[in-house]
Amino acid sequence: MRKPIHPEAVTGEPQAIRWVVDTGDLPVGEVLHAAGTLGPMMEYGVITRMFVERGSVWTWLAPEHTWTDRGPRIRDAVVAGVDADGWDVTDGSADLLRFIADDVVHGQLFTFITSHGGQISVVDATIDAVVLDFGGACADCPAQGQTLHDRVEVTLRARYPRLREVSKLASSHSAAPRPRSPLHLLKRT
Amino acid sequence: MSCHAEPPIRVGTAPPRFALVGSPNAGKTTLFNSLTGLRAKTGNYPGVTVARYEGRHILDDDSHVTIEDLPGTYSLDPMSPDEQVVATVLEAGTSGDEPLDGLIVLLDATNLRRSLGLLAQVQQLPHPITVVLTFTDELARRGGSVDVLALSRATGVRFIPVIAGDKRGVASLSESMGDVASWPKPMLPPPTDPSGVADWATSVLDSASFRAPGSDKRTSRIDGVLLHPVWGTVIFFVTMMAFFQVIFSVAAPMQDGIETLFAWLGGVARANIPVAWLSSLVADALLAGVGGVLVFLPQIALLFLLISLLEGSGYLSRAAFLMDRVMGWAGLEGRAFVALLSSMACAIPGIMATRTLPSAKDRIATMMGAPLMTCSARLPVYVLLIGMLVPGDLRFGPLGAQGAIMFGLYLLGAISAMLSAWFFKKIIGRSGVGLPFYMEMPSYRLPRGRTIAVSVWDACKAFLKKVTSIIMLTTIILWGLLNFPLRSDADLQRAGIDSRDEVAVKAFVIDNSIAAGIGRAVSPVFEPLGFDWRINVGVLSSLAAREVFVSTLGQVAAAEDPDDPVAALTNMTHTDGAHVGEKVFTPSTVAALLVFFVYALQCMSTLGVMRRETGTWKWPVIAFVYMGGLAWLMAWLAKLVVGGMA
Numbered sequence: 001m002r003k004p005i006h007p008e009a010v011t012g013e014p015q016a017i018r019w020v021v022d023t024g025d026l027p028v029g030e031v032l033h034a035a036g037t038l039g040p041m042m043e044y045g046v047i048t049r050m051f052v053e054r055g056s057v058w059t060w061l062a063p064e065h066t067w068t069d070r071g072p073r074i075r076d077a078v079v080a081g082v083d084a085d086g087w088d089v090t091d092g093s094a095d096l097l098r099f100i101a102d103d104v105v106h107g108q109l110f111t112f113i114t115s116h117g118g119q120i121s122v123v124d125a126t127i128d129a130v131v132l133d134f135g136g137a138c139a140d141c142p143a144q145g146q147t148l149h150d151r152v153e154v155t156l157r158a159r160y161p162r163l164r165e166v167s168k169l170a171s172s173h174s175a176a177p178r179p180r181s182p183l184h185l186l187k188r189t
Numbered sequence: 190m191s192c193h194a195e196p197p198i199r200v201g202t203a204p205p206r207f208a209l210v211g212s213p214n215a216g217k218t219t220l221f222n223s224l225t226g227l228r229a230k231t232g233n234y235p236g237v238t239v240a241r242y243e244g245r246h247i248l249d250d251d252s253h254v255t256i257e258d259l260p261g262t263y264s265l266d267p268m269s270p271d272e273q274v275v276a277t278v279l280e281a282g283t284s285g286d287e288p289l290d291g292l293i294v295l296l297d298a299t300n301l302r303r304s305l306g307l308l309a310q311v312q313q314l315p316h317p318i319t320v321v322l323t324f325t326d327e328l329a330r331r332g333g334s335v336d337v338l339a340l341s342r343a344t345g346v347r348f349i350p351v352i353a354g355d356k357r358g359v360a361s362l363s364e365s366m367g368d369v370a371s372w373p374k375p376m377l378p379p380p381t382d383p384s385g386v387a388d389w390a391t392s393v394l395d396s397a398s399f400r401a402p403g404s405d406k407r408t409s410r411i412d413g414v415l416l417h418p419v420w421g422t423v424i425f426f427v428t429m430m431a432f433f434q435v436i437f438s439v440a441a442p443m444q445d446g447i448e449t450l451f452a453w454l455g456g457v458a459r460a461n462i463p464v465a466w467l468s469s470l471v472a473d474a475l476l477a478g479v480g481g482v483l484v485f486l487p488q489i490a491l492l493f494l495l496i497s498l499l500e501g502s503g504y505l506s507r508a509a510f511l512m513d514r515v516m517g518w519a520g521l522e523g524r525a526f527v528a529l530l531s532s533m534a535c536a537i538p539g540i541m542a543t544r545t546l547p548s549a550k551d552r553i554a555t556m557m558g559a560p561l562m563t564c565s566a567r568l569p570v571y572v573l574l575i576g577m578l579v580p581g582d583l584r585f586g587p588l589g590a591q592g593a594i595m596f597g598l599y600l601l602g603a604i605s606a607m608l609s610a611w612f613f614k615k616i617i618g619r620s621g622v623g624l625p626f627y628m629e630m631p632s633y634r635l636p637r638g639r640t641i642a643v644s645v646w647d648a649c650k651a652f653l654k655k656v657t658s659i660i661m662l663t664t665i666i667l668w669g670l671l672n673f674p675l676r677s678d679a680d681l682q683r684a685g686i687d688s689r690d691e692v693a694v695k696a697f698v699i700d701n702s703i704a705a706g707i708g709r710a711v712s713p714v715f716e717p718l719g720f721d722w723r724i725n726v727g728v729l730s731s732l733a734a735r736e737v738f739v740s741t742l743g744q745v746a747a748a749e750d751p752d753d754p755v756a757a758l759t760n761m762t763h764t765d766g767a768h769v770g771e772k773v774f775t776p777s778t779v780a781a782l783l784v785f786f787v788y789a790l791q792c793m794s795t796l797g798v799m800r801r802e803t804g805t806w807k808w809p810v811i812a813f814v815y816m817g818g819l820a821w822l823m824a825w826l827a828k829l830v831v832g833g834m835a
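The listed protein sequences correspond, in order, to chains A and B. With my numbering applied, the first sequence corresponds to residues 1 to 189, in that order. With my numbering applied, the second sequence corresponds to residues 190 to 835, in that order.
If you are wondering where the hints come from, they were derived from the structure by calculation, not from laboratory data. Please read these numbers as outputs of a predicted model, since none were measured by experiment. All C-beta atoms, glycine included, are put in the ideal place defined by N, C-alpha and C. Please note: incorrect hints may appear among the correct ones.
As the list claims (entries may be wrong) - Residues from chain B shown here face chain A by an in silico Cβ test under 7 angstroms; the list is partial:
{"hint": "1", "residue": "L377"}
{"hint": "2", "residue": "W389"}
{"hint": "3", "residue": "T391"}
{"hint": "4", "residue": "S392"}
{"hint": "5", "residue": "S396"}
{"hint": "6", "residue": "P636"}
Claimed, not checked - Within a straight-line C-alpha distance of at most 16 angstroms, the following computed EDC-like cross-link-like pairs (lysine to aspartate or glutamate) qualify:
{"hint": "7", "chain 1": "B", "residue 1": "K356", "chain 2": "B", "residue 2": "D249"}
{"hint": "8", "chain 1": "B", "residue 1": "K695", "chain 2": "B", "residue 2": "E771"}
{"hint": "9", "chain 1": "A", "residue 1": "K3", "chain 2": "B", "residue 2": "D382"}
{"hint": "10", "chain 1": "A", "residue 1": "K3", "chain 2": "A", "residue 2": "D76"}
{"hint": "11", "chain 1": "A", "residue 1": "K3", "chain 2": "A", "residue 2": "E30"}
{"hint": "12", "chain 1": "B", "residue 1": "K374", "chain 2": "A", "residue 2": "E13"}
{"hint": "13", "chain 1": "A", "residue 1": "K3", "chain 2": "B", "residue 2": "D395"}
My request is simple: use the sequences and hints to build the entire structure.
Here you go:
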């Protein structure tokens, strides 16, 4: 049986597609050489960049091609490739972790985060750590901040196992306006 | 279809057009109603929305857009005429003949996997798409869940959850229709091959953490009984029986009220209009004739109230399912039953509902049966005749005899319709392998008051329109035929009639009118059935519309005894022929008439629609001739049987 697959857009990266597909035991990091027909696609420059994470494959298409033209063939190549041998993938990638973190805070967990009054953005990422700006959400409520932090960390690690730590931006009392909870008002009066 | 071309560029200033695409029961018609305020019926089974509906929706900035409600469809493969319509409109929307600015695809959250198959097909088209996700409330109630934002990300199009009765979803859809340019587009359309589509749908559902709804416990418990081959059938018949009891017992008082009103108005007209012929036209033709049909408005309202209650609660789909088994034994397709069921209101939507049948042979066979289903136009005739046949207080145990006979007539019509469809299918030949048939079993719901009110109101409006147009016109023509040639005093003297005796004069005029001539001319045909010339005229006039039979008898009776037309009708005697002096409306004649009306195809509109749907006069002619012959034969048998019992 073929593996289920579908493409998702990558915000701010018009030539990129994140293929949501079961990647099995493939290592997580930047792809140096891909298996199956994906290999030649990278060699001839149709695909300019590729990452693998747990549960998706990120591909960048060369600017002279369009996804409507190349998409179906690349989709088939990804489905066949994830089960094939011959991958050469780096052990982790700071760029990949940054992309994943962006996807988690703006996509996957967006509803959850906003429902907690939060506004998280990614400040920086290294090969095994990520720095997040939690906006003002958690300044006044440590428990809630911890809830958000833990949830983001768990979600990130599931997709990027090498993750060591998720840290908050030191000056989380940023200029961004804080959501005013009734509790907050009570405290001031 | 596979190319992802740019959508057509609009020229001129026509308002933006959007089409609603979705499977039957996805809530399309409800959304259409709340967007446009136009009324269209909502249904629980496929085939309800067959006609093309267009409406206007006003945006926040007061500009307006056109919304087209396409027939419900499970796919864009043009298998049935319905799906063909959808494919054609979407094609025209692409090629620029009737450009579409955007498609609004409705997906049923409780049936998401199958719905995504339709979305995958629609996404092959170049149009901008927004998805309206319906029944998310029911999904939650049945223990399912889905992440709507994740659905949007995974499919590349925006998902807007809309719950019936909640204005927020519609408002948000309305807002987005004002700004089509901002609708997100997928990076690339979903696959086109079936297994690719299935993989895509699985992947999309997984990433949206979709949990399918468990079957509704309450619904499945109720269904265990209602769909049981024995108990279900018993309950179905008891329900239907009660249905017709209600039509008689509840509507009767209201009917009496309207009757009294028209009798009083007739008296006023007779007393106050000095011109004799005008007074007769108003009192006899308009008030006694047309008014005589209007009397049945409460029954019509009640019939549609009950039908929409059954439909809105989800029971009608179960009835269709039960009857589908019966149809299956006869080798007929399930969808054919849906068409027959629609014919209970009127044969015309029934015939149009055959468009959901993929095979032309099945369509024709079903069309040949549909007019035999008891439509609402027969109701006034049945009520009038049954009232003459048995008294209202006669009861069989808990059941009123009148309601029981009415139920019997509906049953006779339904069985005959199915037998006829089966027979024609045998003659025309088999249509090969039956295609899969989806019949939705919606969960039991409380019917929506507004939908019911709209359905009853529409039915009453249509009835009133028919009464004031074709029925009134035919009645006036008949009045002319019944009152001409005019008689001079000399004529009356020669016939030995006292010209001061108004009733005698009127009886003489009518008895020697053009209509009487026509009625007598055809009497050899109907004589064996016990019909006299007045019934013949009634039967002939009912070819325009069945209700005219009632107005014709009303005219004749009012002329004979303006004070008590009902008694005049009951006591009417043969004026010539072998039975002079005997009562016309004997039980055997009334039975023959009732059966005649079960079978005869007395409806010009039905013939017209058949011609349009088959593209030839051949089938309407065949239907008219076979039903006419059958009507005569069955009426003759009924007369024999009832005459034998009496």
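### Proposed interface contact between B:T391 and chain A, which counts if any beta carbon pair is under 7 angstroms
Check passed: Cβ of B:T391 comes within 4 angstroms of chain A, closer than 7 angstroms.
Next on the checklist: So if I understand the rule, the pair passes when the alpha-carbon distance is 16 angstroms or less; does B:K695 with B:E771 pass?
Outcome noted: violated, 21 angstroms
**Restraint check for A:K3 with B:D382, where alpha carbons must lie at most 16 angstroms apart** = Holds: A:K3 and B:D382 sit about 15 angstroms apart, inside 16 angstroms.
Interface hint status, B:L377 versus chain A (Cβ within 7 angstroms): holds, 3 angstroms
message = A closest beta-carbon separation below 7 angstroms is what the hint needs, so does B:P636 meet it against chain A?
response = Interface hint status for B:P636: violated (34 angstroms vs cutoff 7 angstroms).
| said: For a C-alpha distance cap of 16 angstroms, please report whether A:K3 and A:D76 respect it. | reply: Cα-Cα ~10 angstroms, so holds.
Holds or violated: are the alpha carbons of B:K374 and A:E13 at most 16 angstroms from each other?
Distance of about 15 angstroms is within 16 angstroms: holds.
- Query: CA of A:K3 to CA of A:E30, is that 16 angstroms or under?
  - Reply: Violated. A:K3 to A:E30 sits at ~22 angstroms, over the 16 angstroms cutoff.
B:S392 as chain A interface residue, shortest Cβ-Cβ below 7 angstroms: holds, 4 angstroms
query = Are A:K3 and B:D395 close enough, with their CA atoms no more than 16 angstroms apart?
reply = With a Cα-Cα distance of about 12 angstroms, the restraint between A:K3 and B:D395 holds, given a limit of 16 angstroms.
Check: Holds or violated: is there a CB of chain A closer than 7 angstroms to the CB of B:S396?
Finding: At about 5 angstroms, which falls below the 7 angstroms cut-off, the nearest Cβ of chain A leaves the hint on B:S396 intact, so it holds.
Does B:D249 sit within 16 angstroms of B:K356, going by the straight-line distance between their CA atoms? holds, 14 angstroms
Comparing the model with each numbered hint stated earlier shows that hints 6, 8, 11 do not hold.
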